[in-house]
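Trainee: Heads up: the sequence lines are chains A and B, in that order. My numbering numbers the first residue of the first sequence as 1 and each following residue consecutively. My numbering numbers the first residue of the second sequence as 1001 and each following residue consecutively.
No lab work stands behind these hints, which were simulated from the structure alone. These numbers were taken from a predicted model, which means no experiment stands behind them. Careful, some of the hints might be misleading.
[As the list claims (entries may be wrong)] Stretch by stretch, here's where chain B covers chain A in the computed footprint (C-beta under 8 Å, at least three residues):
id, segment
1, 32-41
2, 131-137
[Stated by the list, open to error] Only part of the chain B face toward chain A is listed, based on derived beta-carbon distances under 8 Å:
id, residue
3, Leu-1018
4, Ala-1034
5, Asp-1039
6, Ala-1048
7, Ser-1053
[As the list claims (entries may be wrong)] Between beta-carbon pairs, the in silico distance windows are:
id, chain 1, residue 1, chain 2, residue 2, range
8, A, Ala-25, B, Glu-1117, 54 to 60 Å
9, A, Thr-12, B, Val-1036, 35 to 41 Å
10, B, Thr-1043, A, Asp-69, 52 to 58 Å
11, B, Val-1057, A, Ala-25, 20 to 26 Å
Quick reminder that beta carbons are idealized off the backbone N, C-alpha and C, glycines included.
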Amino acid sequence: MQPRHSGASLLTRVEVKRSISALTAVDWLRLHKVARALCRDAAFQADDLLQEAFQRALDGTRQCARTLDIIPFLAGVMRSIASDWRKARKRRPEMSLVTATGRLQEVVLQVRDHGCVADEVLVGNEEAARLQQAIFALFADDAVAQSLLEGIMDGLAGAQLRSLTGLSETEFASKRRLIRRRIDKAYPRDWTS
Amino acid sequence: MSQNKGQWSRLDRLTETLVDDILASSDAELLAEAAVDEDNGGTLARRAFERASRSVVVRRSRRNTYTPPGRRLAAANIRALDPKTARGWLDAYLASNPETAGQLPRAARRDNTLSDEDVYGMLEALQQRGVLTQKPIEQGRR
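Given the sequences, and given the hints that come with them, work out the whole structure.
Mentor: Encoded structure:
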C-alpha cells in the first residue's frame, strides 16, 4: 500500500485558492478555451466543466503537486471530469443537470432499451465517420494539414507526427494552430454546431 | 462496438491535441485570437471560479450546521484550550456556582487534585448541558 503524499508536496486548499485568484486575464482565457475544446463532443457546457474543476481543486478532492503549475493542473482536472461525464452519459441515457452550486445532478429519464444497442453502434459509427469527413473537408485546400490531421487521429505525436509532414518545428506549430483555429470557427460549441 | 469506439477515439485524440496546442500557445497569441473572435471566455471562467468558491463555502457551512451541538465540535473546542486556561474556566464557573462546587469531592476541592482530563471532561459535560458560558477559543492555543 502506497503512503499518501505528504502535505509538503501538495498545495494546501488556501494556496490553491490563492494561486487561482492570482491568475491573469490570459490565464482565465486559456482555461476557458481548454474547457470549450473538451466539451465539444459532450453534452455539457464549458462553464459547468470549469466550475466543477474549480470546486474539486478548492475543496481538496483534487490536489495539486507543488511542482505543477496551476494551469496544467486545472486542465488535467477538466480532462478527467470530462472523461467521467462522457462515460456516465454513455452508460445511461439520462439528462444531466448542473445545480446552482455547480454539482452535476443526474435525472434518469428512461431505462436503457438494450435492444437498441446494435442500432446505436451503427449510428454512432456513421456519425463519427461523417464528422471526420467534415473535419478533413475544412482543409481541402491544405494537403499538409490533412496529413497532420490523419497522423493526430491515428495517435501519432511529437517528433513522429512532425516527421510525417517534413515541417520544421516552427512550421509544425503554425500548422497545428491553423488546424485548431479552423476547427474552432467551424465548431465553436460542439461537433454539431 | 470496437470499431465504433475506435472512430470516436480518433476524435478524442484530435481533442487532446487541440488542448495541448492551447496550453502551448503564447499569451500574445491567445490574446490576439480573443480580440479577433471577441471572446469573453476569460470573464466566464472567472465567474465560474467565483461560483465554485461560493459553493465550497456554502457546503462547508452546511456541514458545520448539521453537526449535532454539544458533540464533536464542543469537545474539540474545549480540548483546544491549554490546561491552565481550562482550569481557569472551571474555577470561574465553580466560583459563580457554589452549589455545583459543593458536589465535588472534598479532597478534590481542598487539594486541587483534579487532573487535566478531569477538568476537560467537566467542562465538556457543562458545555453539553448548555450551562457553560460560550467564550471564543483561540485556535491552536494548546
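Trainee: Give a verdict on every hint.
Mentor: Evaluation of the provided hints:
1. 32-41: holds (count 9)
2. 131-137: holds (count 3)
3. Leu-1018: This interface hint holds because 5 Å falls under the 8 Å limit.
4. Ala-1034: holds (6 Å)
5. Asp-1039: Nearest chain A Cβ about 7 Å off; hint holds.
6. Ala-1048: The hint holds - Ala-1048 (chain B) has a Cβ within 8 Å of chain A, the shortest such distance being about 4 Å.
7. Ser-1053: holds (6 Å)
8. A:Ala-25 - B:Glu-1117: 54 to 60 Å: Taking Cβ atoms as reference, Ala-25 (chain A) and Glu-1117 (chain B) lie about 56 Å apart, which means the hint holds.
9. A:Thr-12 - B:Val-1036: 35 to 41 Å: holds (39 Å)
10. B:Thr-1043 - A:Asp-69: 52 to 58 Å: The hint (52 to 58 Å, Cβ to Cβ) is violated, given that Thr-1043 (chain B) and Asp-69 (chain A) are roughly 22 Å apart.
11. B:Val-1057 - A:Ala-25: 20 to 26 Å: holds (25 Å)
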